[in-house]
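Residue numbers (the numbering used here), protein chains in the order written: chain L, 1 to 288; chain U, 1001 to 1322.
Incorrect hints may appear among the rest.
Which stretches of chain L does chain U cover? Using the computed rule of at least three CB atoms under 8 Å from a CB of chain U, they are [unchecked claim]:
1. 21-31
2. 57-67
3. 126-138
4. 180-189
Because the hints were derived from the structure by calculation, they are not lab data.
Where a beta carbon is used, it is the ideal one built from N, C-alpha and C, also for glycine.
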Amino acid sequence: MVSLLVSQNLDGGWPYQRGGPSWTEPTAYALLALIAQGSVVEPVARGLAWLHTAQRSDGGWPPQPSVRQSAWVTAVATMLGPAKLGKDAHRRGVAWIVRQTGEETSFLSRVQQFLTGNAEGYHGCDGWPWFPESSAWVTPSALSMLALRKVAPCADSAQIPARLDKGASYLLQHVCSDGGWNHGGARAMGYDARSYPETTGVALLALRGRDSPAIRRACGWAQARLPACRTSEGESWLRLGLLAHGQLPSNVPPARPPRTVQDAALALLAWAAVEGRNLFLEQQECPV
Amino acid sequence: MSGLNRREFLTGSTAGLALAGCGRGRGPQAAARREQLVSVVRRPDYTQELYGDLRRILAEHRMSVRGKRVLLKPNLVEFEPDSPINTHPLLVHAALEAFRELGAEVRIGEGPGHRRNTLDMAEAAGYFETIPGFEDLFTDLNLDCVAEVRLARPHSRLKSIYLAQSAMSCDLLVSMPKMKTHHWVGATLSMKNLFGTVSGGVYGWPKNILHWAGIPGCIADLYNTLPSYFAIVDGIVGMEGNGPIQGTPKRAGVVVAGRDLAAVDASCCQIMSIDPHRIEYLKLAVGDVDGLVRSIHQIGEPVESVRTRFELLPEWAGIQQS
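From just these sequences and the hints, can you work out the full model?
Written out as structure tokens, the structure reads:
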């Protein structure tokens, strides 16, 4: 936790790497990690103020304030919830996420896929892109699902549950042949591609509460990979994903040192989840 | 624009670059379509001789880099140290030493397209072991400050692009790709390697916005936009077949280098038995590929003596040179 605190920039945000400029993604993860630990008030307040300033008028967040476009980082920021972000900022963030789908789902793209006989195209499963006007991928889809899961119990329309179902279908349609997930290209030019630990972990976390042979197989892949995982980020997501399905082995301690602020924050979040506080899965309390 | 090609016009103008956060602009690069020197060095394996090779290459090209900031940009793709997927660390270290001996301040930077854990990947690829103090020399270009660069007359559908500030602000960007076939563009060499300068922190992993905007067009746009560069291609053991990730090793036994990335890539294509006239991004970037090929002044090994047929996926059979 100390490494997170000393990495905070004077502007209140966090960089990916100590000394760098503040970015939305590490700021949101650092805040989630500090909140999961409790008792750190002033840095959290400064971080939240940075996020407030960074939010764009369309409700989304840019990766960095200088970027003139909201992107996937909106999902991570929105996970902080209305109590921390403020009801209006949070509501607008959720609305932005709901509006996003992969460009392959657009009318023009679907017509093009139909005309070119592209069977790999749209399957009615709307995932989320990293950046608007591009395809859906596993990580932004899983993160967007996690953000929407938190508000689903209080949703006043069927839109959010429907997007969660479509997101789950998207993930399940992009499982690699070896059982886990990679970035989202399970096959290219007729060749199977291999899974990654970090994407498998975050996908499993987003699919908490769902069960299927594919999910059980993915848990098996994740369990086999955890002891030999070569990144701190991968280890953390695998722990969170396996824990979400009650499949985390008890005898595999964290082994990889965090290299970035985001790695450190995710390691703290995974540790807190093992200890019983999983901020990714805590759901919003609905107003009475 | 009579008398100036598009590249000279773009890189010579101060318009078009909006720096975000930290940094500054760049001066023009002199890269007219005049004679282009391309070095082809036979080197059958990754051995200590590479250090001498790189010194000789920089001398041949009369590199004047004293006091300049040089950024070496290798190609790091995956965690597979036994696969020819990443630029070999010994070649990168040899380049680092050669530029340092000329008085340059050298750093290394890369922004991989699929995996976020760049330093972990570099460690797995042997960079920590081979290059003393690697972590202090390295910048993850995906997480660097970003500069929004407006594209004046783009070949892709992009109007502007967010690039790593380190790539824009260095005095010399050295593209150090692996010689590989590529399932979307035929061959991935020093020009395609520029994708690693595009900010993953902005566009994600993969940088799919470049696919939607047209990969060949984006390669041409980056070639026309990035400031002064040099290319050193790792063709000692390359990749054929389903590159750039799932192909098989192919020993070509060469290092190819030069100031003009298009000339270097066209030479690499010829070494790989690929027709450079059929590489879309070369056509977009330089227009007259015939003129480009004619402008190349090869030094070192003649292409014919090192030509190595790289197998291609059936979809790319049409680009193979007979």
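Status of each hint after checking the structure:
1. With a threshold of 8 Å between beta carbons, the proposed coverage of the stretch 21-31 of chain L by chain U holds, since 3 of its residues qualify and at least three are required.
2. Against chain U, the stretch 57-67 of chain L contributes 4 residues with a C-beta closer than 8 Å to a partner C-beta. That satisfies the three-residue criterion, and the hint holds.
3. By the rule of at least three residues with a Cβ nearer than 8 Å to a Cβ of chain U, the coverage given for the stretch 126-138 of chain L holds, with 7 such residues.
4. With a cut-off of 8 Å between beta carbons, the stretch 180-189 of chain L has 5 residues touching chain U; three or more are needed, and the interface restraint holds.
The structure shown violates none of the earlier numbered hints.
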